[in-house]
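Throughout the sequence shown, residue numbering follows UniProt numbering, covering 1 to 115 in sequence.
Careful, some of the hints might be misleading.
Straight line, CA to CA, 27 Å or less: simulated DSSO-like cross-link-like pairs of lysine-lysine [to be verified]:
1. K34 to K84
2. K34 to K51
3. K39 to K84
4. K39 to K26
5. K39 to K15
6. K39 to K89
7. K89 to K15
8. K15 to K51
9. K26 to K15
10. K84 to K51
11. K51 to K39
12. K89 to K51
13. K15 to K84
Hints listed in this document are in silico derivations from the structure and should not be mistaken for laboratory results.
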Amino acid sequence: MFFFFWVDEEGNFEKVTFREMFEEVKLYAAAFRKHGLQKGDTVACYMSNRKEAVYGMLAATSIGAIWGGPQPFLGSRAASIVVKRLEPKFLIAVDRFLDNGRNTVLWIIYLSLLR
Numbered sequence: 001m002f003f004f005f006w007v008d009e010e011g012n013f014e015k016v017t018f019r020e021m022f023e024e025v026k027l028y029a030a031a032f033r034k035h036g037l038q039k040g041d042t043v044a045c046y047m048s049n050r051k052e053a054v055y056g057m058l059a060a061t062s063i064g065a066i067w068g069g070p071q072p073f074l075g076s077r078a079a080s081i082v083v084k085r086l087e088p089k090f091l092i093a094v095d096r097f098l099d100n101g102r103n104t105v106l107w108i109i110y111l112s113l114l115r
């Protein structure tokens, strides 16, 4: 049985089973715990719709953490403001994504706004 069918930004199709999803989430959760994530902490995500975001969200919420974040098309300044308001313990991000076949660079979130 499949957990989800995945088509990435380049059009590659992938099937992810419940077992594969469970194993990935278990690894993500172990990494979060190893680095100190606890119930009530916040994890911010700054990436397009990727299976890694699903794994991260399931792992974080399985620990009792809060998950949130801006969509990348908001732009780096707006994304920085959203992330700052979340006050995350962790920020998961990618450096670029494809938007209608166009490679879009996700410029670094303004770290000065996060302080």
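Against the structure, the hints come out as follows:
The hinted pair formed by K34 and K84 meets the criterion: a straight-line CA distance of about 24 Å does not exceed 27 Å. A distance of roughly 22 Å separates the Cα atoms of K34 and K51; the hinted pair therefore holds under the 27 Å criterion. The hinted pair formed by K39 and K84 meets the criterion: a straight-line CA distance of about 19 Å does not exceed 27 Å. Taking the CA atoms of K39 and K26, the gap is about 16 Å. The hint holds against a cut of 27 Å.
This hinted pair does not check out: K39 and K15 have alpha carbons roughly 31 Å apart, beyond 27 Å. The straight-line distance between the Cα atoms of K39 and K89 is roughly 11 Å, inside the 27 Å bound, and the hint therefore holds. Between K89 and K15 the CA atoms are separated by roughly 31 Å; this puts the pair beyond 27 Å, and the hint is violated. The suggested pairing of K15 with K51 holds, with an alpha-carbon distance near 11 Å, which does not exceed 27 Å.
Of the pairs offered as hints, the one joining K26 and K15 holds, with about 18 Å between alpha carbons and a cut-off of 27 Å not exceeded. A threshold of 27 Å between alpha carbons decides the hint, and for K84 with K51 the separation of about 24 Å falls inside it, so the pair holds. Of the pairs offered as hints, the one joining K51 and K39 holds, with about 23 Å between alpha carbons and a cut-off of 27 Å not exceeded. Between K89 and K51 the alpha-carbon distance is near 21 Å, which keeps this suggested pair within the 27 Å criterion.
About 35 Å separates the Cα atoms of K15 and K84, which puts this hinted pair outside 27 Å; it is violated.
The earlier numbered hints that this structure contradicts are 5, 7, 13.
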